[in-house]
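Listed below, chain by chain, are the residues.
Protein chains: 2
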Amino acid sequence: MTLKVYCDRMSQPSRAILIFCKMNGIEFEEITINILQGEQHTPEYKAINPMCQVPTIVDGDFTLFESHAILIYLSSKYPGVASHWYPSDLVERAKVHSVLDWHHANLRRGSVGVIVNNVMLPLNGVPSNPKAAEEAETTLEKALTVLETFWLKDGPFLAGRSQPSIADLNLVSEVMELELLSEELHDRILSPYKKVLQWVEDTKSATAPHFEEIHGVLFKTRKEFRELMAAKSGKTE
Amino acid sequence: MTLKVYCDRMSQPSRAILIFCKMNGIEFEEITINILQGEQHTPEYKAINPMCQVPTIVDGDFTLFESHAILIYLSSKYPGVASHWYPSDLVERAKVHSVLDWHHANLRRGSVGVIVNNVMLPLNGVPSNPKAAEEAETTLEKALTVLETFWLKDGPFLAGRSQPSIADLNLVSEVMELELLSEELHDRILSPYKKVLQWVEDTKSATAPHFEEIHGVLFKTRKEFRELMAAKSGKTE
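Residue numbers (the working numbering), protein chains in the order written: chain S, 1 to 237; chain U, 1 to 237.
Isolated chain S, as found in the complex:
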């Protein structure tokens, strides 16, 4: 039975899983759950994932969610997956787990907060909360500093690795989500982090051509969002 991947290419962990499957020749059926249209809240999807989030995989009679757990499961299940994605050496594997665990309350929290406050709420006409926006930006900048000065200090990929692991895939997908910000804000936040920017490029290259293809929807939406935001700011001038 073909692996089913319930996902939305607008979701950063969904993209990580899609790129991973394509890179490793894992056959799968992609089932889009449009999160901007709220399809994650339908009774049908709730029966698959009661947390109402994407991604979820269904492999035969086994349903699994949480993207890190999914990437580890797929790495372990398919013998054809190259070992650099999820190293079998105990210490190297522990380093990958450490980055993935760090991600949750740092890079992901900051990134989601910045996008919600600067893109999603304004586009939905919700009054801005400058304090929340500022806190999210502080969390994100702290996380980017840790990426720049710690996780990327010993090599081109996270935790001093010479080839990408599932952690690189997941965290780069997160950084890519910042493309949804205005160009000015995006550049102001990211431009001080030279190693981070280089690592994004290195991960793109290492996962070509799948990276660009899977991010196509994000780039298209970025264009639409920026036009909408420009129109909105025009109206209020």
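Worth flagging that the hints you see were computed from the coordinates, not collected in a lab. This one's a predicted model, so the numbers in the text were calculated from it and none came from an experiment. All the given hints hold, so there is nothing to weed out.
Note: identical chains are not told apart, hence a pair may lie in one copy or across any two.
As a list, the in silico DSS-like pairs of lysine-lysine whose alpha-carbon atoms are at most 27 Å apart:
(1) K153 with K194
(2) K4 with K153
(3) K194 with K46
(4) K131 with K142
(5) K22 with K223
(6) K142 with K46
Add chain U to chain S, keeping to what the hints say.
Quick look at chain U alone, frame taken from chain S:
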């Protein structure tokens, strides 16, 4: 060389690691980093863990932080660790990873927020922020509901398991941190969740006598905090 565990028994993930080591006969040296006194910010500790958080382990020349990653590493490294802590079966292991990943942005985020807003800030004389306190309580209650109705629906331990895994140890330590709240708030928040309360008791029993011993400092601090809070509220009446 003996495993070094840098920790504070007032920190929930520190307690999980200490109980795990004691349960599995892993020899270690416990080095206390007093977080209430800010010892995690000393240059000496920052050289060990630049994130300035506990716990951290040092195993020979390998330094590792993030408690989930540590528990997985220790489970994999020591052959004497009973298999229920971190199952080798691919599907069972994936379920444990899924719970651990879910933990970060849900139970942990809610629990930390509730404690910071209701205990730490008031004890430090910082004016309360009712909106932040309310949001944290909502996050915590949602997480407790998911524990009650989903993660504990199929068995006494998380993800339908008949014996505790590293996920039970970590998440129960988190729930135990709520002991620092006033008795009234603690009971109001937790009493609706009967399965959660039973699971805490089952995990305590399964890890006796180490659970009670390692939580001794928390119980002592709870008494001190409640006296301090009572004295403070007396002053303002």
